[in-house]
Amino acid sequence: KPFEKDCRILVNGTAITGDTILEHNDRLVFGSTHIWVYQNPTEKGISSKKYPPLTYEFAQEEIASKAGINMDNAGSTDVAMLQDDLIEVMPAVEEANSISEELDKRVKFEIILISPNMIGKKHSSKAE
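Under the numbering used here, the first residue of the sequence shown carries the number 1, and numbering increases by one thereafter.
Each hint should be verified, as a subset may be incorrect.
Stated by the list, open to error - Here are the simulated lysine to aspartate or glutamate pairs, EDC-like style, with alpha carbons at most 20 Å apart:
1) K108 x E95
2) K121 x D78
3) K66 x D84
4) K105 x E94
5) K50 x D26
6) K66 x D26
7) K66 x E102
8) K66 x D85
9) K108 x E88
10) K105 x E95
11) K50 x E62
In short, the hints are calculated from the structure, not lab data.
When you get a sec, could you build the whole thing from the sequences and use the hints?
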């Protein structure tokens with residue numbers, strides 16, 4: 001369980017607020033920058049179970065999915081590129097919010113998607 005009420009701890013992409021029993025291969029996120037995998041070598045039957053390969057990208061996709069970002073890549077390549085960009089920028093936004101809270105600045109950063117047409121552009125560009 002979190003030591004203080006304002007601690008940010010995620011288990012498999014879901015925020016926890018109280019005691020939580022961890023299972024083998026649970027993904028843990030402490031704050032906005034520390035991602036860990038819990039592995040219990042004494043748990044019975046571990047060797048017979050199949051677990052997905054765990055990577056940093058897998059953990060970020062899991063967090064994004066729990067935050068409401070649909071990770072189904074059945075759409076266009078533009079949608080897939082947008083999802084990749086969101087996954088890449090989410091940790092920076094979370095870190096900025098953590099720093100703002102720590103410094104008591106009362107500022108919250110969020111990701112907002114705006115179509116290029118809304119800002120007077122004809123095409124989107126990652127460089128802009």
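Evaluation of the provided hints:
{"no.": "1", "hint": "K108 x E95", "result": "holds (11 Å)"}
{"no.": "2", "hint": "K121 x D78", "result": "holds (17 Å)"}
{"no.": "3", "hint": "K66 x D84", "result": "holds (15 Å)"}
{"no.": "4", "hint": "K105 x E94", "result": "holds (15 Å)"}
{"no.": "5", "hint": "K50 x D26", "result": "holds (14 Å)"}
{"no.": "6", "hint": "K66 x D26", "result": "holds (15 Å)"}
{"no.": "7", "hint": "K66 x E102", "result": "violated (24 Å)"}
{"no.": "8", "hint": "K66 x D85", "result": "holds (17 Å)"}
{"no.": "9", "hint": "K108 x E88", "result": "holds (18 Å)"}
{"no.": "10", "hint": "K105 x E95", "result": "holds (14 Å)"}
{"no.": "11", "hint": "K50 x E62", "result": "holds (18 Å)"}
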